[in-house]
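Read off the chains here:
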Amino acid sequence: MEQFIQQLVNGISLGSIYALIALGYTMVYGIVKLINFAHGDVFMVGAFIGFYSITILDLGFFPALLISMAACAIFGVLIERIAYKPLRNATRIAALITAIGVSLFIEYGTIYIRGAQPEAYPNGIVPLKSLEIFGVKISGQSILILAVSIFLMIVLQFIVHKTKIGKAMRAVSHDMDAAKLMGINVNNTISATFAIGSALAGAAGVVFGMYYTKIEPLMGIIPGLKAFVAAVLGGIGIIPGAMAGGLLLGVIEALVSATGGSLWRDAVAFIVLILILIFRPAGLFGKNVREKV
Amino acid sequence: MNIFTKAKGFWGTIGLVVIFSVVIQFLINGGTLNSFYVNALFSIGINIILAASLHLIIGITGQFSIGHAGFLAVGAYISAIVTMKLGLPFPVAIVAAGLAAALAGLVIGIPTLRLRGDYLAIATLGFGEIVRIVFLNIDYVGGASGMTVSHMTTWPWLIACVAITIVVIVNFTNSTHGRACISIRENEIAADAMGINTTFYKVMAFVIGAFFAGVAGALHAHNFYIIQPTNFGFLKSFDILILVVIGGLGSMSGSVIAAISLTIISTFLSNYPEVRMVIYSLVLIVMMLFRPQGLMGTKEITSFLKMGKSAKGGVQHDSKNTVA
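So the protein sequences, as listed, match chains A and B.
The working numbering numbers the first residue of the first sequence as 34 and each following residue consecutively.
The working numbering numbers the first residue of the second sequence as 32 and each following residue consecutively.
Chain A with its partners taken away, still in its complex shape (with noise of 0.2 angstroms):
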């Protein structure tokens, strides 16, 4: 019993970062109708401006997940402009392929730049002291992600429903001609998705780096593919489902792992889009969507 509580803590954990990186999945393609391939290697480029910024700048982990944050924020709308913009008005299989293309060119860049050798985040960056409840033993640093976590989605929700631009982002995913007539910046507001996506992947890259120690530049394809079924999971295009995806996928991986299946923990989450594609091809928040002539 306390072993299995113990991997739901594990599976929360790692279901907050998913969801972090679902989110902006989610929020891009509730934009621009495109999945972002590039999106798992933004968290790989996050992860590493936060280590460098805490084994080079000296920092300490706040300032390094903001530095991260800004840092991925800003490359994220130069992919948006420079490979996706061109193409808005091509067809979605031409946009697919340029993610393909973009996600590459980051992940064996950064290969090229750096090497491909794995680096180790240093340890005790926040000194945390494990805590025990009830017998079962959680550690400081689930509690910081979960924390971290939350954080960052009450503000994406804030940003969302608050602001003139969550206002904005709301009208384009809604519909983007009409928001065109109606005098909002497309642009400006399809950058600023973008931003804040990327922004969210900066952090769930530090956040990850903290909580596994090892990042290497390859890191950000499985899960950003995971992060991706978690946004199919709750509904794409729906916040509040990657969220809820991005939980739930992380506890199934961990019950999973727990009853011996580690090895099969990576086929479990595409065995889950698979069948949430045939059965619910909406999500579970979603709603059907009648497809018309």
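Just so you know, these hints were derived from the structure itself, not from any lab.
Even glycine gets a Cβ: it sits at the ideal position worked out from N, Cα and C.
Treat the hints with care, since some could be wrong.
To give an idea of the interface, some chain A residues facing chain B are shown, with a C-beta separation under 10 angstroms as derived from the structure [what the hints assert, rightly or not]:
hint	residue
1	107
2	144
3	299
Per label pair, the in silico range of CB-to-CB distance [what the hints assert, rightly or not]:
hint	chain 1	residue 1	chain 2	residue 2	range
4	A	216	B	298	50 to 60 angstroms
5	B	120	A	317	45 to 55 angstroms
6	B	256	A	192	49 to 59 angstroms
Given the coordinates of chain A, work out where chain B should sit on it, guided by the hints.
Relative to chain A, chain B alone:
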């Protein structure tokens, strides 16, 4: 063009292929081609089969599948089991590999081909990963350390498989079924309205594509001595995808040309794998920005030779967009 001249062209091409393969065989036997060139030649052949089979799924039927390495893995492992564990001859392994991959294509195709566009892409990507993880977890085939396979892929087998693949896929494209597939690519709803059983044809193209990917898997496994699950990750799928996209979605000869030229380029860049991937990804991005229809578009090389005649298996207009 009447049937007689068409048939003559066909047998003429086959004759040229036979002459070409005999010449290459002599060069290999005589030692004129050293093992570096022979290896490159074998990689080219395997990549041509892979590109042609994915071309049928993406280029002709318009179903964006990015889990092709999964079928390659099924073919490679099944053929390795047939020859190494059961001790049966290599031709049996090739056929078994193709059939097993086709079965996998059928099983995965029926549910996922109801999805469209990006969702299909992600589902097939997920399928590829599942296949890789399944082989990773089966101790019978060696788990993560993989399986050693003896070298059985010879030049005659390779060229025969390449020729059969191309002939079957080209003939399929030009048949009634192929035209049905093209109509699905052009407009699925319209094709449905014209009475074409779109699900049936999508699954059919998927199964045929998977079959040949499995054949390529058998050749791959018996050429590289060892197969490991890590060889069949999504990066392998992307490698195959790049061949089809750069050659031109919807162009058989484009895929073949891309398979030949990119394999040669990557052979020479094999000491610098990251440079290769950086170049590949840049080419992919620049291609989508400036020539999204790929090098050949939907045209075939034959349509350049006989100007004015209609291109095989393609739309008649040279659209500026990707077909899928």
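Evaluation of the provided hints:
no.: 1; hint: 107; result: 19 angstroms, violated
no.: 2; hint: 144; result: 4 angstroms, holds
no.: 3; hint: 299; result: 5 angstroms, holds
no.: 4; hint: A:216 - B:298: 50 to 60 angstroms; result: 56 angstroms, holds
no.: 5; hint: B:120 - A:317: 45 to 55 angstroms; result: 51 angstroms, holds
no.: 6; hint: B:256 - A:192: 49 to 59 angstroms; result: 55 angstroms, holds
Of the numbered hints given earlier, the model fails hint 1 alone.
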